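Residue numbers for the sequence shown, in full-length UniProt numbering: 1 to 402.
No lab work stands behind these hints: they were computed from the structure.
Computed from a predicted structure; not experimentally measured.
Errors might be hidden in some of the hints.
Lysine to any residue pairs mimicking SDA-like chemistry, simulated, CA-CA at most 25 Å apart [said to hold, decoys possible]:
{"hint": "1", "residue 1": "Lys52", "residue 2": "Phe66"}
{"hint": "2", "residue 1": "Lys52", "residue 2": "Ala82"}
{"hint": "3", "residue 1": "Lys52", "residue 2": "Asp338"}
{"hint": "4", "residue 1": "Lys52", "residue 2": "Arg342"}
{"hint": "5", "residue 1": "Lys52", "residue 2": "Met331"}
{"hint": "6", "residue 1": "Lys317", "residue 2": "Gly297"}
{"hint": "7", "residue 1": "Lys349", "residue 2": "Arg323"}
{"hint": "8", "residue 1": "Lys52", "residue 2": "Ala335"}
{"hint": "9", "residue 1": "Lys52", "residue 2": "Asp281"}
{"hint": "10", "residue 1": "Lys52", "residue 2": "Asp234"}
{"hint": "11", "residue 1": "Lys317", "residue 2": "Ala246"}
{"hint": "12", "residue 1": "Lys52", "residue 2": "Arg392"}
{"hint": "13", "residue 1": "Lys349", "residue 2": "Trp359"}
{"hint": "14", "residue 1": "Lys317", "residue 2": "Leu264"}
{"hint": "15", "residue 1": "Lys317", "residue 2": "Arg332"}
{"hint": "16", "residue 1": "Lys317", "residue 2": "Arg259"}
{"hint": "17", "residue 1": "Lys349", "residue 2": "Thr398"}
{"hint": "18", "residue 1": "Lys307", "residue 2": "Ala278"}
{"hint": "19", "residue 1": "Lys52", "residue 2": "Asp213"}
{"hint": "20", "residue 1": "Lys307", "residue 2": "Ala286"}
{"hint": "21", "residue 1": "Lys317", "residue 2": "His110"}
{"hint": "22", "residue 1": "Lys307", "residue 2": "Val273"}
{"hint": "23", "residue 1": "Lys52", "residue 2": "Asp222"}
{"hint": "24", "residue 1": "Lys52", "residue 2": "Arg266"}
{"hint": "25", "residue 1": "Lys317", "residue 2": "Ala178"}
{"hint": "26", "residue 1": "Lys317", "residue 2": "Glu274"}
{"hint": "27", "residue 1": "Lys52", "residue 2": "Thr398"}
{"hint": "28", "residue 1": "Lys349", "residue 2": "Asp366"}
{"hint": "29", "residue 1": "Lys52", "residue 2": "Arg142"}
Have a look at the derived ranges for each label pair, beta carbon to beta carbon [stated by the list, open to error]:
{"hint": "30", "residue 1": "Leu287", "residue 2": "Trp17", "range": "15 to 25 Å"}
{"hint": "31", "residue 1": "Gln193", "residue 2": "Leu255", "range": "47 to 57 Å"}
{"hint": "32", "residue 1": "Asp147", "residue 2": "Gly254", "range": "50 to 60 Å"}
Built from N, CA and C at the ideal position, the CB exists for glycine as well.
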Amino acid sequence: MQPFGERWRAPYACDPWGSRGRLFPEAVSPTRSEFQRDRDRIIHSSAFRRLKHKTQVFVYHEGDHFRTRLTHTIEVSQIARALARSLGLDEDLAEALALSHDLGHTPFGHTGEDTLDECMADFGGFDHNAQALRVVTRLERRYAEYDGLNLTWETLEGLVKHNGPLLDAGGGPTLRYAARGVPLAILEYNAQQDLELATHAGGEAQAAAIADDIAYDAHDIDDGLRAGLFRIEDLREVPFLNELLAEIDARYPGLDLSRRIHELTRRVITRFVEDVVAEGDRRIAALSPRTADDIRGAGETVVCFSKPMTEADASIKRFLYARMYRHPDVMRVRAQADDVLRDLFRRFKAEPELMPEEWQTDLPRDDEPRLARRVADYIAGMTDRYAILEHRRLFDVTPDLR
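Given the sequences, and given the hints that come with them, work out the whole structure.
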């Protein structure tokens, strides 16, 4: 019998009993594995609770039926666990990584990240993955003996590297960081605890990353249709979706729209998950990994889509970018959200005494980069509604974001 109700793991899975440990050593729990403890610490964090009122695409005024960061995170977690179970990986670590992957996101979806990145351009920029690392290693202040959540090496590694290596073999930044370099927050933490930035993450992090893509595709189709940004027949532009719609219509002629949407999104998830499992099995068989480090050192992602499904995923994202993310209604609200965050950043940077007292502690006014980072940390942690309330407190006119 596995301890603590654990399931079988393949030899290449990350093993909680063989974890590389925590930055601050702690006694082993008598009731939970190391990765189960990480998952629970994330769920009980303040940053996780705030995801409830942070936007994916729509701001919170738009209605209660659209996804928030929290509902998205729960959907990613379910898919990540399913992938991990099928591929023999550690489900608890995959779940912990899925639950933590969006902790660094700002209010107002990707608009907020883009705006803060521009505001922080002279001070190292803003990157939501680096911010997630700051949240779990510095900004959460719950424990008597350390700042952060003191998560295991495997969880922190996966949080930072779930989209692939950050450095190349020569120590230079990989393509996505080529222009500006790896974020300072990641480099600073890496100096304390080496996360091996030039390798891929373990299989569990890869499962969480691809689960994020799957959940995004499915629920943005759902939300876009329910918001009336495009019609279900418009989705026939995407060959993969056209095939699924033909299958649904052949089996359920005359099905009402709501059920038709659900039948489509559940098929999107199912086909993607089945493809990742099949492709993952194929790559694992070719690699014959004996340890989790063999997955990290494979030189390529192991848990991923096949080539046909990679194109299907890309086609869906192209459709959603053009028809949803750049829809005039969405762009109008994005512009208003951008104004709110720019106003807040400039005001707090000029008058940091307007921030809550705990955010002013040990803040030298003559250290502009540190001041700017503190303001960014404060704003990034806000929910949509709190950002609007703060703007109303400080300014005479606040956009209604409609």
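Consistency of the hints with the structure:
1. Lys52 to Phe66: The hint holds at about 12 Å.
2. Lys52 to Ala82: Holds, because 23 Å separates the two Cα atoms, which is no more than 25 Å.
3. Lys52 to Asp338: holds, 20 Å
4. Lys52 to Arg342: With Cα atoms ~23 Å apart, Lys52 and Arg342 stay inside 25 Å; holds.
5. Lys52 to Met331: Roughly 22 Å separates the two Cα atoms, so the pair holds.
6. Lys317 to Gly297: Not OK: Lys317 and Gly297 at ~29 Å, beyond 25 Å, violated.
7. Lys349 to Arg323: Not satisfied, since the Cα-Cα distance of roughly 36 Å exceeds 25 Å.
8. Lys52 to Ala335: holds, 22 Å
9. Lys52 to Asp281: violated, 35 Å
10. Lys52 to Asp234: This hinted pair is violated, its Cα atoms lying about 31 Å apart.
11. Lys317 to Ala246: holds, 20 Å
12. Lys52 to Arg392: It holds: about 21 Å lies between the C-alpha atoms, which stays within 25 Å.
13. Lys349 to Trp359: holds, 12 Å
14. Lys317 to Leu264: holds, 16 Å
15. Lys317 to Arg332: Satisfied, since the Cα-Cα distance of roughly 21 Å is no more than 25 Å.
16. Lys317 to Arg259: Holds: Lys317 and Arg259 sit about 23 Å apart, inside 25 Å.
17. Lys349 to Thr398: Within the cut-off at roughly 19 Å; holds.
18. Lys307 to Ala278: Holds, at roughly 12 Å.
19. Lys52 to Asp213: holds, 20 Å
20. Lys307 to Ala286: holds, 16 Å
21. Lys317 to His110: holds, 15 Å
22. Lys307 to Val273: holds, 14 Å
23. Lys52 to Asp222: Answer holds: Lys52 to Asp222 is near 19 Å, not above 25 Å.
24. Lys52 to Arg266: Given that 25 Å is the threshold and the Cα spacing comes to 23 Å, the pair holds.
25. Lys317 to Ala178: Status holds; Cα separation ~24 Å.
26. Lys317 to Glu274: With a Cα-Cα distance of about 19 Å, the restraint between Lys317 and Glu274 holds, given a limit of 25 Å.
27. Lys52 to Thr398: holds, 22 Å
28. Lys349 to Asp366: holds, 11 Å
29. Lys52 to Arg142: Holds - the C-alpha atoms of Arg142 and Lys52 are around 20 Å apart, at most 25 Å.
30. Leu287 to Trp17: 15 to 25 Å: holds, 23 Å
31. Gln193 to Leu255: 47 to 57 Å: holds, 53 Å
32. Asp147 to Gly254: 50 to 60 Å: Once the Cβ atoms are compared, 59 Å apart, the range 50 to 60 Å for Gly254 and Asp147 holds.
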